[in-house]
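Engineer: Following the hints, position chains B and H against chain V.
Below, each chain spelled out in residue letters.
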Amino acid sequence: MPVYTCTTVKATLSAETRASLAGELTRIHSMINHVPGTYVNVVFHELAADDVYTDGQPAQPLLINGWVRTGHPEAQSSQLVAEIAAAATRVTGIPAKRVLVVIQNSPAHFAIEGGRVLPAPGEEEAWLQQGQEGGGNAH
Amino acid sequence: MPVYTCTTVKATLSAETRASLAGELTRIHSMINHVPGTYVNVVFHELAADDVYTDGQPAQPLLINGWVRTGHPEAQSSQLVAEIAAAATRVTGIPAKRVLVVIQNSPAHFAIEGGRVLPAPGEEEAWLQQGQEGGGNAH
Amino acid sequence: MPVYTCTTVKATLSAETRASLAGELTRIHSMINHVPGTYVNVVFHELAADDVYTDGQPAQPLLINGWVRTGHPEAQSSQLVAEIAAAATRVTGIPAKRVLVVIQNSPAHFAIEGGRVLPAPGEEEAWLQQGQEGGGNAH
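Residue numbers (full-length UniProt numbering), protein chains in the order written: chain V, 1 to 139; chain B, 1 to 139; chain H, 1 to 139.
What the hints contain is simulated information worked out from the structure, not anything from laboratory work.
Derived EDC-like pairs (lysine to aspartate or glutamate); straight-line CA-CA distance at most 16 Å:
1) H:K10 to V:D50
2) B:K10 to H:D50
3) B:K10 to B:D50
4) H:K10 to B:E46
5) B:K10 to V:E46
6) V:K97 to V:D55
7) V:K10 to V:D50
8) B:K97 to B:D55
9) V:K10 to H:E46
10) H:K10 to H:E46
11) B:K10 to B:E46
12) H:K97 to H:D55
13) H:K10 to H:D50
14) V:K10 to B:D50
15) V:K10 to V:E46
Cβ-to-Cβ under 10 Å is the rule here; a few derived chain V residues that face chain B:
16) C6
17) P36
18) T38
19) V42
Glycine included, each C-beta is placed from N, C-alpha and C at the ideal position.
Isolated chain V, as found in the complex:
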């Protein structure tokens, strides 16, 4: 359901580090927001050195933008953003001062995956069950 978009200057993260970070973001999101990992997408934008600026100067931040469904309990969202930010530095070695994590949200019914409108937070289990009974993604 979610998409995490990680933006850096090219060659900031090795292919191995990108795979590790994708794995960690997936593990954390899955655990905290009760979503199977098969529904967690992570993409990387690797930009030219003169395409990324902080304070109006060329810079090398790690920018992580996530999208989640509106309505998760506030404590859950706070835990999510904290663990994502901690994982970013732990996995990549990029110091926290160069890492920005932003979570955006919109209503679950504004999103469709596998041909089905996403469930509101808290209704994941019934939704997943229904998908299996109905023969999966075609329904």
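Structural biologist: Using the frame of chain V, we list chains B and H on its own:
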């Protein structure tokens, strides 16, 4: 007014398919949200194979992120997301289980196009009329 | 705290123009939203000619998407989007009719920078002060 951002691994969609999908997203959005096609933007991000992950593994999803103005009637938004998702599979042949459509929104007055603040949903006609009377985009 | 993402067809903006636009967006955001320039990020996506469509046809718009914290006074947000749009045309020479600026928002506590949850609008000064007293980004 809207922007649709389609993200895939490189070479997933041919240039012809990208043009067809852009045309369909424009047609659908224009019809459902009452916006002339000239205000519908569609962009494609084609990423390296090791820049896209689902479930922590390299994958080939089609991720479509749309932005719309806050305040469209709920039934209209539901129809929009359903038709966008259906078109994605119809045009590209990518099965629904690999397609994720997410619509995000913010207030119309947080956006400017052609030099003018966007109208709230339902006020498009007056806004378009006013633009023509005023000499168009310069106003 | 904010991220501005500018999307164009490749070679629309020279490296010099991108740097100037990044500088202007940083100056404007910093001034209006009371955020030090060191917290303003600007990135550019330069896409292939057949990856960008308006009205279903290949096109050369300048699309600027910004993220800000929810809760700024409405007049402040209106001023922000107006000045960003004016700067886009002033710096790049791209006519207003091809420029779309969209500001999106989510709660400040959905974002972490420098290892710390962002302050709500209006609480920047105390947050910045606290960061210095606490030894900076590690806290």
